[in-house]
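K.L.:
Sequence:
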Amino acid sequence: VVGGQIPTGFDPTVWGISADMAGSIDRLAVWNMWRTVDRFLSSGFSPAEVMRYVHPSLVANTQGTGMGGGTSMQTMYHGNLLGRNKPNDIFQEVLPISFAAHVVQSYVGSYGAMIHPVAACATAAVSVEEGVDKIRLGRLNWWSA
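Residue 66 in UniProt numbering sits at position 66 of the sequence shown; the count goes up by one each step and never skips.
Since the hints were made in silico from the structure, they are not lab data. It is possible that some hints are incorrect.
Now the in silico label distances, taken between C-beta atoms and shown as ranges [unchecked claim]:
#1 Gly138 with Asp11: 39 to 49 angstroms
#2 Glu129 with Asp89: 25 to 35 angstroms
#3 Ala48 with Pro7: 21 to 31 angstroms
#4 Glu129 with Arg35: 11 to 21 angstroms
#5 Ser24 with Leu81: 17 to 27 angstroms
Don't be surprised by glycine CBs; every beta carbon is placed ideally from N, CA and C.
Build out the structure end to end from the sequences listed, making use of the hints.
P.N.:
This is the structure we're talking about:
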């Protein structure tokens, strides 16, 4: 996603993301969740199948981002100025690491290493490098980048 340009009309509930979750986490975090689900479906297996063969402590996540949730950031700063109510946990949605945390907690179910680079243009390369390094060190057997 370049600059948070999510397609107009995107409905995450069509892809199995609950309406409650879609309404309570940042729009980019929802998009990241959907992309992860799509990657699993495209590869032909589910997180449950991964966990059948790999211990959850050896399944890592190195998804990174250039910034945190844009919608949440706007709500956090503009909400006060405009007199709008905002969720008490809005700050966590602004943090760049929330995207991957939602994936791990709500979909994958692993508890291995979580390294979330924030490297702007090089984020994808750093994410892959972190995963490869962890495999070489024997700290994980599978990861999502």
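K.L.:
Decide, hint by hint, whether the structure agrees.
P.N.:
Right, here's what the structure says about each hint:
1. Gly138 with Asp11: 39 to 49 angstroms: 42 angstroms, holds
2. Glu129 with Asp89: 25 to 35 angstroms: Given range 25 to 35 angstroms: holds, Cβ gap about 31 angstroms.
3. Ala48 with Pro7: 21 to 31 angstroms: 29 angstroms, holds
4. Glu129 with Arg35: 11 to 21 angstroms: 20 angstroms, holds
5. Ser24 with Leu81: 17 to 27 angstroms: Cβ of Ser24 to Cβ of Leu81: about 22 angstroms, so the range 17 to 27 angstroms holds.
Violated hints are absent here; each numbered hint is respected by the structure.
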